[in-house]
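Undergrad: Following the hints, position chain F against chain X.
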Amino acid sequence: MSDAPSDLRYTKSHEWLRTDEDGTVTVGITDHAQEQLGDMVYVEVPEVDQEFEAGDACAVVESVKAASDVYAPVACTVVEVNEELADAPELVNQDPFGAGWIMRIRPASAADVEALMDADAYLAYVESEQH
Amino acid sequence: MLIFEHSKPGRRAQAQAPDTAAGVSDLPPELLRDDTPPLPEVSEMQVVRHYTRLSQKNFSIDTHFYPLGSCTMKYNPRACNTLAMLPGFLARHPLAPAPAGQGFLACLYELQEMLKEVTGMQAVSLTPAAGAQGEFAGVAMIRAYHRAQGDSGRTEILVPDAAHGTNPATATMCGYTVREIPTDDQGDVDLEALKAAVGPQTAGLMLTNPSTLGVFERRIDAIARTVHEAGGLLYYDGANLNAILGKVRPGDMGFDVIHMNLHKTFSTPHGGGGPGAGPVGVSERLEPFLPVPLVGFDGDEYHWITGKTRPQTIGRLSAFMGNAGVLLRAWVYARLLGREGMHRVAEYATLNANYLMKRLAEAGFDLAFPDRRATHEFIVTLKRQQKELGVTAMDFAKRLLDYGYHAPTTYFPLLVPECLLIEPTETEAREELDGFVEAMTNILREAEENAELLHEAPHSLPVRRLDEVRAARELDLRWNEK
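Quick note, the sequences are listed as chains X and F, same order.
Start counting the first sequence at 116; every next residue gets the next number (this note's numbering).
Start counting the second sequence at 50; every next residue gets the next number (this note's numbering).
In silico lysine-lysine, DSS-like type, Cα no more than 25 Å apart, as pairs:
no. : chain 1 : residue 1 : chain 2 : residue 2
1   : F       : K165      : F       : K357
2   : X       : K127      : F       : K244
3   : F       : K432      : X       : K180
Some, not all, of what chain X presents toward chain F, calculated at C-beta under 8 Å:
no. : residue
4   : Q151
5   : D154
6   : V156
7   : V179
8   : K180
9   : A181
Please keep in mind that the hints were generated in silico from the structure rather than gathered at the bench.
For glycine and all other residues, C-beta sits at the position ideal for the given N, C-alpha and C.
In isolation and in its complexed conformation, chain X is listed as follows (with noise of 0.2 Å):
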């Protein structure tokens, strides 16, 4: 089974988010999207300033199986990148809620991040999708 930390909201679409002290919202994917996802070859972060609308693909993570998209979790501005991502995309196969996290943001609003799903929701999704 793979991990999922309490203290964090998490996506469908398998992003977590982390909202920390001054109110910006670290975004990254989570164990279980790395694990399918397989060993990573490249991130592609966005750039700081960037806007977006919840759903957007604003970032993407190419594994030796797939590229795929990552999605603004929620509306938001980027307001920084994970940069070492350039040159070791594997941190986010390592140590996918921390130092594979992939960028920060300001949320339009916090209730949005509030609304997203806790862990217990998305564990038992996990579950759910893998009929």
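TA: Relative to chain X, chain F alone:
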């Protein structure tokens, strides 16, 4: 070892040297190179041995069962190649006037007619030089059609998530926004989601039927109606045509445009950069937009149909007639099969797939869609084996190589975890299929007894497990002299 590593200064293969040096006096001096190119210096025998050995390392349809799903790696009869290489075809100049090339034009005209008949479309253009260009031509015609109707609001193409990856790519290349439609748990398009997605912005739906999940879309009538009622057009990706050849016709299913990958279904060369051919077929309303040239027949003589008489054409896609030699191979294949043979292709392709599917299920493998009949291919999922035994689809694929089988497609479609997409094709005999089942059964036993054997596979090939991450990240295809 590379041919460059055999090189010794001064070695030559005199037999291959040109008779006279070509004159290059009219080339501008700034374009001439200053030093000699770093070509390998080897003897004739070294060259022969080097390439013969390389060819012996190949997995190919001439040497191995090759059940690569979604690729239809069937045997191409030698006759198709031989007859397409007759001197009259090879020596024909592409600018030769039509009256001097009636035999060649007759073949192309007949191929157009046969493809029309077998797909149920109104007209066919042979000129796209590969499947990808065929797809591009197809969506470009959809675009041209809406534009000719004065309808500029149709900006979206719908693509089910079980489609080939090329479909969204093609739609994007043609300037459309792609909207994904989900698939239900039986592998059919989610009809409610489709109904919610169509509207005045819908240019069309791109559908592969049978889909990449190896099942036939059962509600195709309702899908066609939904898209047409919204004013959109229906695009058929012909990648999996082999399963339905002569049995069900895309035209009868309501499709407006189709591309055909001749290398998958009509015995033309596979992979390695082609050359390819991706003819397109259309319904009546798209006929004016077909790419040119086409071949016409007035009952007496064959002639070229060009943009002069087709003002609404999307234009030419290549110089001359696409890959003419490849089209000739497809024509020979279709003539060899005849009308009855076309049916047998689909019958044996699906029979072989269903036989193999049942036998693998009996051997203890899980099917992705156990309640569905296979089309020309089917999916085994090794999710359970991964969980219980710690072996992956990739481990199985690599171990199959040790048993002398090319691996099935792995990790595609993305919708099914740890999957093998298996397509035996109609050209394999039952003994081959049984041999494959035996190998899979043995590997399953090995996985239970000694998973390490699978993790380290292949054991018997010139190279062991490759570092795919490094190959992707540090791509190095050029010989560099040290």
